[in-house]
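Residue numbers (numbering that gives the first Met the number 0), protein chains in the order written: chain R, 0 to 162; chain G, 0 to 383; chain D, 0 to 363.
Some clues are possibly wrong.
Claimed, not checked - Simulated DEER-style distance windows between Cβ atoms:
hint, chain 1, residue 1, chain 2, residue 2, range
1, G, D316, D, A363, 58 to 68 Å
2, G, P13, D, N169, 57 to 67 Å
3, R, I29, G, C150, 24 to 34 Å
4, R, R150, G, P189, 24 to 34 Å
5, D, P172, R, D115, 46 to 56 Å
No lab work stands behind these hints: they were computed from the structure.
Just so we're clear, the structure is a prediction, and the values are computed from it rather than from any experiment.
Backbone N, C-alpha and C fix where the C-beta goes; we use that ideal spot for every residue, glycine too.
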Amino acid sequence: MPPDPVPAPLAAPVPIAALTIEPRAVEGRIRIPYRWPAGRTAGAFLARLRDEGRLYGLRCPRCKQVAVPPRPRCLACRVPSEDWVAVGPEGELLSWTTAPAAPARPAEVWALVRLDGADTALFHRLLDVPPDRLRVGLRVRADVASPTVRRGAITDLIGFCAV
Amino acid sequence: MGERVAIIGAGQTPHRSRRLDVSAPELIDEAVQAALADAGLEPDGIDAIVVGNMEHFEGIHLSDLWAVEGTGGVGKPHLKIATGGTTGSSLAQAAYYLVAGGMFPTVLAVGWERLSDSEGETTTGIVTAFDPIYERPTLAGAVSGLAVMACQYQARTGVRAEEAALVVVQARENAARNPHAHLSKAVTVPEVLASPLLSSPLRYLDMCPTSDGACAVVFTSRPGARRAAWVRGVASRHNHTLLGDVAEGAHDYINTLEQAAADAYGQAGIRDPRREFDVVEMYEPCTWAALEWAESLGLAPRGHAAALWADGTARRDGDLPINPSGGVLCANPIGATGLVRVAEASAQVRAAAGPLQVDGVRTALVTGFGGSFWSEVMILGSEA
Amino acid sequence: MQPVAILGAAQTRHVARRDDACYSELAFEVVAALLAETGFTHPRIDTVITVSSDFSDGRTISDMAVQDAVGAAGKSSSKVSMDGAFALAYAAARLTCGRYRTCLVVAHAKASEGRPREISRAAFDPFFERPLGPTDHVALGLQARRFLARGTVTREAVALAAARALAYANGNPNAHWRGALSSREIQLGPPVADPLHRFEVAPDSDGACALLLADLDTARAHAAARGVPVIRLDAVACATDRHGLGDRDLGLPGVLPQVARAAYAQAGITDPVREIDVAEVYDASAVQTLLWREGVGLPVDLLAGPAWNPSGGALCAQPGFATGLVRVAEVWRRLAAGEGRTGLAHGMTGFVGQAHCVGILRRA
Chain R
0 MPPDPVPAPL AAPVPIAALT IEPRAVEGRI RIPYRWPAGR TAGAFLARLR DEGRLYGLRC
60 PRCKQVAVPP RPRCLACRVP SEDWVAVGPE GELLSWTTAP AAPARPAEVW ALVRLDGADT
120 ALFHRLLDVP PDRLRVGLRV RADVASPTVR RGAITDLIGF CAV
Chain G
0 MGERVAIIGA GQTPHRSRRL DVSAPELIDE AVQAALADAG LEPDGIDAIV VGNMEHFEGI
60 HLSDLWAVEG TGGVGKPHLK IATGGTTGSS LAQAAYYLVA GGMFPTVLAV GWERLSDSEG
120 ETTTGIVTAF DPIYERPTLA GAVSGLAVMA CQYQARTGVR AEEAALVVVQ ARENAARNPH
180 AHLSKAVTVP EVLASPLLSS PLRYLDMCPT SDGACAVVFT SRPGARRAAW VRGVASRHNH
240 TLLGDVAEGA HDYINTLEQA AADAYGQAGI RDPRREFDVV EMYEPCTWAA LEWAESLGLA
300 PRGHAAALWA DGTARRDGDL PINPSGGVLC ANPIGATGLV RVAEASAQVR AAAGPLQVDG
360 VRTALVTGFG GSFWSEVMIL GSEA
Chain D
0 MQPVAILGAA QTRHVARRDD ACYSELAFEV VAALLAETGF THPRIDTVIT VSSDFSDGRT
60 ISDMAVQDAV GAAGKSSSKV SMDGAFALAY AAARLTCGRY RTCLVVAHAK ASEGRPREIS
120 RAAFDPFFER PLGPTDHVAL GLQARRFLAR GTVTREAVAL AAARALAYAN GNPNAHWRGA
180 LSSREIQLGP PVADPLHRFE VAPDSDGACA LLLADLDTAR AHAAARGVPV IRLDAVACAT
240 DRHGLGDRDL GLPGVLPQVA RAAYAQAGIT DPVREIDVAE VYDASAVQTL LWREGVGLPV
300 DLLAGPAWNP SGGALCAQPG FATGLVRVAE VWRRLAAGEG RTGLAHGMTG FVGQAHCVGI
360 LRRA
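Generate coordinates for the entire structure from the input sequences, incorporating the hints supplied.
Dropping the structure here:
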């Protein structure tokens, strides 16, 4: 067996403060694909949007409020909601905003729209509304993609246009 | 001093490889409704909610805010606890402390995970737990750390793979009676030994699965006349950041569980755990871990835990049933897994475990495991 | 709740980038400062609650990364994955149950290590909102428009709140943004999310904050030995609101009034305008500076009632989940310095107030 290596004499310790610290970073990226089953409630909403091109809400059996987007239970009363009601396609603009576009994304005008027959608001985008017409309370109408391209996603609704 | 804390109800979803029929909030709702029904409570009877999952497995940030659709937590205090594998046991401990500290009379703990949402990339998420400079480039996720532990255990004790395999053989037998279990098909020792090698000495059938599921447990200081499992001991021990530091010191095993157990046993007045516990629900992510941890818990002398499974002691009809539910080896929805142990043990103490019921359970031991070999222990009893 | 005490509070400076430190080093730095300030050592800290976001840290089980930095090895520790103010409820419970005498609470965030806008996208409802690509700033813009549409506050008042925050921050050595801008200059600045402009939306900061909590007996002994006042935590209340952007009117304070009432009831406060001397709220936008004020039951006029975000608030430093804990630290610092007797600290999880937490601190 070869002899154990003789350890090198220890260098005198250098205080950390005396070292020049080179800024150094390790880079990483987390790449995980995700797939979220939409379940009974969102799944039904999206399937009807795809198949019928229409928007639906769920009515709470207790407080009678119609939630769009639908929630499996009324968020206030905590009872199951199973009473689907058609809403829209017209509604009222409650809010909008523009934010500088992220790289590779077109500039958007995001909006909250309370559809006729609904008590809560749907988040989506506005399409071609001239800036001088934008106001809270503006009447808008859902623009749904043609049946051939709908795939059961919220983007089957292209957005809202001014009526 | 603090309030006495009781568990008065628990609910679980079936744990499955994928639950494509429900959204995450709907999955959570299943467990919450089952727990409320078991406790005989309306939603208004819950004063606060602690909820947890691990964000990288579903890719949902601020997941507690979305989970409110399923927990029924709108308008209520809602705390998110997320500590890796210990998430479920940390939720139970948080609920315990919030009730014991007098903050809220009744707290609902909700753990959930949908590992199928990350499409087979669960390990990609787990790897991010490790230090990006020193560890992440070379580590392979949860399996590698456990394999190192199993290697050490094997080298120290001489226990053979066929002895460790008995843990999963028994777990599957037990799971066959458990409607919530994810894996309940019987396996044999030769099948375990012939299953693919993951990281020596761990084989595929030595390891827990990845599951979709949720669990909810009701903790209260006001059980009234309800059947209660009283919390008699709560302890946890944490550890260093880097895995190389975790095993430092004189021990050739990682002693956080031994320390946490000693703390909890002191609180509950347990002197002879092997005799005094009527059932154990242990967080065993792999067969070998069950052996090492049975020893850390004082259920067998060091190096001799395999005998508990070999001689039938750990069977559901044995002298000290370990994981009559089938344990983590048969269902592992990570954020819920530790809470499932609490749910199962509380059901045993409350004589509400149905087909899994072990006769005459008065005292139960529960463990949780996660992070860098963190250990959490809870002791439940039929008397306060 | 039974009162507990806050023995000390420490912060790092909050800046755009701390390339000299990883986030466990930020946590270490702030814990070391807290120990130096209080004269405590790790063996005298019984239990630890850390606060962090796995997504923002780019690390699952992000609390594992700071275990050594906060001295948690061999102790019982846990993590609250919400804004740091919410961790007060858990820390206080660990003390009031009688198990522990001292509890360290540590929150950290390094916005510069990730892309905050991209990370924020992952917090939106995956079926109805996320496919459209909103960010936290989009949510703030929608909220601002709803708030202004109520007509109770002018556009000018919002810009003035931002200008005032920058001016206050000039006196805060830890602030990320400081400055002397008029409300007019702010309204002419670059838009962030219409109608909000730069300085009306909180920055993305690197920073950490730590508090040491203790039971009252330990606090009294500590105060007597060091000749410092006892600062009690008399109340912590929190609640979660609806999640979706359209599930409630974003221009209203939501569950915050209910949370504030619960905190006032716990602390025996009947007239917050007169009784509270200083308040620090988590304002991710200048609209929230005003909206949360309404939410805790104070008049909209910023010059009436308690000192309101005298640090500059989150508008001048927003280190992720540490932001709410910084509010508590700022209130603690002012009460300890004798600038009042009763303080309110507010934290928030969710960009537009999906969950609120209110703590009441009192100088004994």
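Hint check:
no., hint, in the structure
1, G:D316 - D:A363: 58 to 68 Å, "59 Å, holds"
2, G:P13 - D:N169: 57 to 67 Å, "59 Å, holds"
3, R:I29 - G:C150: 24 to 34 Å, "29 Å, holds"
4, R:R150 - G:P189: 24 to 34 Å, "48 Å, violated"
5, D:P172 - R:D115: 46 to 56 Å, "54 Å, holds"
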